[in-house]
Structure formats: C-alpha cells, structure tokens
Amino acid sequence: MATHTLIPAGDFRTTYAADTTIFPTAMSRNFAILGIVLICFAPMVLSQYWLSILIQIGIFGIAALGLNILVGFTGQISIGHAAFFGFGAFTSAYLSNHFPIPVFFTIPLAGVVTAVVGLIFGLPAARLKGLYLVIATLAAQYILLDFFGRADWFTGGSVPASAKPFSLFGTNLRGDKQYFYVVLAYVVVCFLLVTNLMRTRDGRALVAVRDHYLSAEIMGINLTKYRTLSFGLAAFFAGVGGALYAHYNQVVSNEGFGIDRSIIFLAMIIIGGIGSIMGTLMGTAFMVLLPESMEWLSVALRGSGIDQMLALKNNIAFLRETAIGLIIVIFLVFEPDGLAHRWRQIKAYWKLYPFSH
Amino acid sequence: MNFELLAQLLIYGFVVGTLYGVVAMSFVLIYKATQVVNFAQGELLLIGAWVCWALLTKFQVPFWIGMPITLVFMFIFGVLIQIVILRPMIGEPIISVIMVTIALSTVFQAVMKWIFGVNLQPFPPVFATTTVDFFGLKIQTVYVMSLIVSALMMLGMAYFFKASKYGLAMRATAFNQQVAQSLGISVKNVFAVAWAISAVVSAVAGVVVAVVNGVSSGLAGYGIKVFPAVILGGLDSVGGAVLGGIIIGLLENLAHFVDSEYLHWGNLYEVAPFYVLIIVLMIKPYGLFGTKDIERI
Chain S
1 MATHTLIPAG DFRTTYAADT TIFPTAMSRN FAILGIVLIC FAPMVLSQYW LSILIQIGIF
61 GIAALGLNIL VGFTGQISIG HAAFFGFGAF TSAYLSNHFP IPVFFTIPLA GVVTAVVGLI
121 FGLPAARLKG LYLVIATLAA QYILLDFFGR ADWFTGGSVP ASAKPFSLFG TNLRGDKQYF
181 YVVLAYVVVC FLLVTNLMRT RDGRALVAVR DHYLSAEIMG INLTKYRTLS FGLAAFFAGV
241 GGALYAHYNQ VVSNEGFGID RSIIFLAMII IGGIGSIMGT LMGTAFMVLL PESMEWLSVA
301 LRGSGIDQML ALKNNIAFLR ETAIGLIIVI FLVFEPDGLA HRWRQIKAYW KLYPFSH
Chain R
1 MNFELLAQLL IYGFVVGTLY GVVAMSFVLI YKATQVVNFA QGELLLIGAW VCWALLTKFQ
61 VPFWIGMPIT LVFMFIFGVL IQIVILRPMI GEPIISVIMV TIALSTVFQA VMKWIFGVNL
121 QPFPPVFATT TVDFFGLKIQ TVYVMSLIVS ALMMLGMAYF FKASKYGLAM RATAFNQQVA
181 QSLGISVKNV FAVAWAISAV VSAVAGVVVA VVNGVSSGLA GYGIKVFPAV ILGGLDSVGG
241 AVLGGIIIGL LENLAHFVDS EYLHWGNLYE VAPFYVLIIV LMIKPYGLFG TKDIERI
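The listed protein sequences derive, respectively, from chains S and R. Read in the working numbering, the first sequence has 295 at position 295, and its numbers run on one by one without any break. Read in the working numbering, the second sequence has 198 at position 198, and its numbers run on one by one without any break.
Derived from the structure by calculation, the hints contain no laboratory data. Incorrect hints may have been included.
Pairs of lysine-lysine, DSS-like flavour, derived with a Cα cap of 30 Å [to be verified]:
(1) 188/R / 162/R
(2) 225/S / 284/R
(3) 162/R / 292/R
(4) 113/R / 58/R
(5) 225/S / 292/R
(6) 284/R / 162/R
Computed from a predicted model, the values in this text were never measured in an experiment.
Just chain S, with the same shape it has in the complex (with noise of 0.2 Å):
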C-alpha cells in the first residue's frame, strides 16, 4: 500500500510542508485540473446513457471514499456501509420533505446524522477489532434493514419516499445534465477534504492505528477516538453519497441498500486499491460499469449457442453477481493492491521508458 510516487531527477523536498503536497509535481497539479475542466463539458457531448453512468460513479464513489478512510486509512472492516447510504438518502428526503430546509443543505446535514449512526454502531469498536467488529456491521446492516422496514413515518414504509429535486437560489436542477454538475462538485469537494484530511495528525493517526495500533497507542494516540471517529467519517461519506442517489433519483425506496450492495461498496475499493484514495474512483468506476459491460455481452451473445445453453437472456441478473464475485476473487488472488498499484505500474513503465530500471 506504500504510494511511490516517482520523482522527477533533481526534485528534492527540503521541507516538510513539500513533502506533504497533494501534487508531487506541477505537472500532475495541472493535469489534475485540466482533467476536471475536461469533464465539465461531459454533459454536451455524452449521451443520456453515459451521463447516468458517470452520475453513479460520482455518487458511489463518495460512498466508497467513506469506506476507504474506513478500511483502508483505519484498517477496520465493516459490512454495513450500504445500511448508511440507504440511511443518507432517507434522511436527506425526510428533511426536505418535512423541514423547511433547501436541498442543498439537507444533503450535507444528511452526512452529519448518518455519521451520529455510525458513531453509535461504531462505539463496539471501542472494544472491539478484526472479526468481531466485522460480525458487529453486519448486525448494523441488518438491524438498519429492519429499522427502515419498520418506521413508516421515516422511511414511507410501503410506498417509497419521495426527495424533492436539488434546487439551487430558487431554481430547480431537474436532468442528468444540470445534476452532473452538482455530483462532480460533490466529488471534487469530498475528495480533496479527504486528502487533506490525510496531510494532518487526525489523518496519520487513523494510519498509525491500521499500521500499528498497540505502537500508535504508546505514542499517544487515543485508539477508541480515532476508530469511533473513522466509524463517523465513513458514515458521514455514506450519508452525504446516499443524499446525493436519493434527490438524483428523487424517490427512494428500501430497496438496494441491502447486504449486497455493501458487498459491492468493498469490491470497489478492493478493486480500486485498498488505502488509495484515486483508486476508490477508479475501482467505484469499475464496479459501476461491470454490471453494464455483462449487458452488453448477453446483447452480443443473443442467438448464439452460449445464450442458448445458458439462457442468459433470463438470467441477467445472476451473470451479473457471478461476474461481480468472481472478480472479487480474482483480484484478491491476482492484482492485491488494486488498479491503483497497476496505474502507478503504467505510469512508471512510460517514465522510465527505454530502461525499466
């Protein structure tokens, strides 16, 4: 999980404040930069189709962001990260629909609440560590489950909820392509709070205490405030990222934010690289389009003697769990450190072309 970054001959850090930069090298700063201006013409040149993609990208990738600071900054495992989203995306629709309070400070707030859940469900982790905090989420998936079954008033029970449409100075943002630029914000924002988040003592702490806990410990790190408090941001990310599904959908209903879709939340920051905060972008990209990508298969297949043998034509939605667990496995088998490590591989590769060493 070491991130190398490769140094251009003749840079050298004398400071630590140089030391510590988000950009190691102008070049990539820049880069960076352009990228998001780039984007920021998606909306007229994309078609509907890969908007709604991109849109998903950014919503859960803000989610599995939470996940990463989680699981790969704090190292403790949690199973129940759909429960938060689903838990975000109702709160955010209960206040704008019972609050007189604009959407778009109900989203940030729906972070705040979420995150005083994942605080409460968090406080075992206090005590506890490895696989009895992991058993300890899955209880929080399970028991939020049951909750949002159960409070009508909350949750609209049968009938989903609906969540009013973000709205900015009076005027509502209705379409994939004015809330693409709501998302990208979003992203952009929450990402570079948390890179910031991992340039302070709160952030090296939370590595510290994955690294070394006993270690961090004597050094005076306070281990039941930094593991409650990874519980809280992780919860806060789901939150806001849940927020953001439920007024982009506008209607939100219990389904989907089940043991499965937190399974999903871990393939993406496994897949993306475990403690990499651009590879959860990536892996979030990953795991958004793998699902589509056996669409297009089963389309490609249709009529030939696979889709015959295998009716896959009805059977869609298992290739697709098949698909999404194998890759799992493979990945964990294969590439360990995620598509980030590969990326860093490529980039490598070119820099030191003609020598590869």
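With the hints as your guide, set chain R onto chain S.
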C-alpha cells in the same frame, strides 16, 4: 397466554437451534483450524441441499444412495475450495480473506439460482408417517429426525476431536501451527480436511432443513444466523457454538411468540438475534466460552 403455541414454538426453536448449532460448529471448525471467517457457510448448506435434491428428483436415485453421493461430492468440493481459493490467501491480511469468502458466497448463490431457479422446491418425502405423539403434542417426524441427526453429528464431531488421530492433529494445528508442523503434521492437509469436514457437516444440515422446509436460496440465511450463535458461544469454542445455536434458536422463537401475542410489531424474530449479537459484543465480546485475547508487546 397461549401455552400450546409457546410449547410448539419452543420445540421448533430447539430443533432449529440444534441445526444452527451444527452449522455454527462447522463454522467454528474452519475458524479454529484455518483462521478463516467463512461467510460462505450458508452456501455450503445450499449447495449440499440442491445437489441432494437434484439426485433425488432429477436422477430418481433413492435417498440411501443419494445422500452418500452428496456427502462425497461435498467432501471433494470443500477440499477444492480450500486448495484453489483459500490456499493462495494464506498470509494475506484479514480483510482479503474475509472478502474472498464473501465473494465466494455471492458466486455460489448466483450460480445456484442460475441452475435451479429461485422458487422453493419441495423435497421428496423421506418418511412414511408425518407426525408422532409426544406427551400429547403432535411433533413432525422430520423434527425428530432432525434432532437425532444433529445429535449424531455433534457426537461424531466430539469423538473425532477427542479420539481420532486426525482430530488430534487438527487440534494441534489450531493450537500452534508452527509447533504442529515441526511435529510432522501436514498443516496443508489439515486445512483441506477441515474445509472438507465442514462442508460435509453443513451439507447434512442443509439436507435436513431441506427435508423440513423445502429447498430455496433462502437456506443460505442459516449462514448469517450462525454469527449471533458463534459470537454468543465464543468464536473459537465448538461446544459454545452448539450452545449458542440452541440459545439463538430458542430466542428467535420466543421473540416470535412475544411478538405475535403481545407486541404485534411483525418480523421481530428475524432481527432479534442481531440485537442480541450487539448486546453480547458490548458486554462480553468473547462470548460464553471464547478465549480472551491477551495482548503482549
């Protein structure tokens, strides 16, 4: 107070609880021997039940031949999972190992749905009579059979660990891998056999549940119910797992009784074990019989 319903529910709870106990036992077996938390335990039940069902209905094999074939299949299947998937994961961080078993459970479930469909399939009847009288209470024969099979499996497991050479080797490996290896125990074989036995025991439990309730992908839910049971009993205690399973089974049905008679909240029995789980984790994280982690620097 409806005593008849209570008695019925308690008997059912005990029967289901012993089955939880059996599944929890096979879960703990894998955890103790190989330090792997198996999230695919429920799918092992599912696969065992489906294979047996297919043999009995599609191939019209009689039960007394179909069952041994299922068990042999599951033995090989368990060994294969260990060799192909879990062996490369030795030494990897705990999250990777957990994720592999979670991913396996996704794959198994999807493939089983793909092959056998999503509908509940009734199991061909194994017994001629459906109920027996027990002090005035009518109890289904399958419940009695389920109890007997569970008890037999528990006894078999106890014998295996106490008296057989392989069981001793397995206990030694669980105690200290390096010492076991230096004494000439093949840790590789022990790991594979642990998975195989666990798969076989789970499959028997799966077939029993299938005979009682029919086969559907909901069977894999037993794999999730295992967690409250093992946490209550202690993650590394075989006896604790059995006791935890029985307690969770009884508690589930008590919650169902209280719910249907007084509270009318609905569905309480599904989520009650998880509240118990959280409470146990808060006050006694190592369960009733689990080993306490003592950390030395």
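*So which hints don't hold here, by number, going up?*
Violated hints: none; all satisfied.
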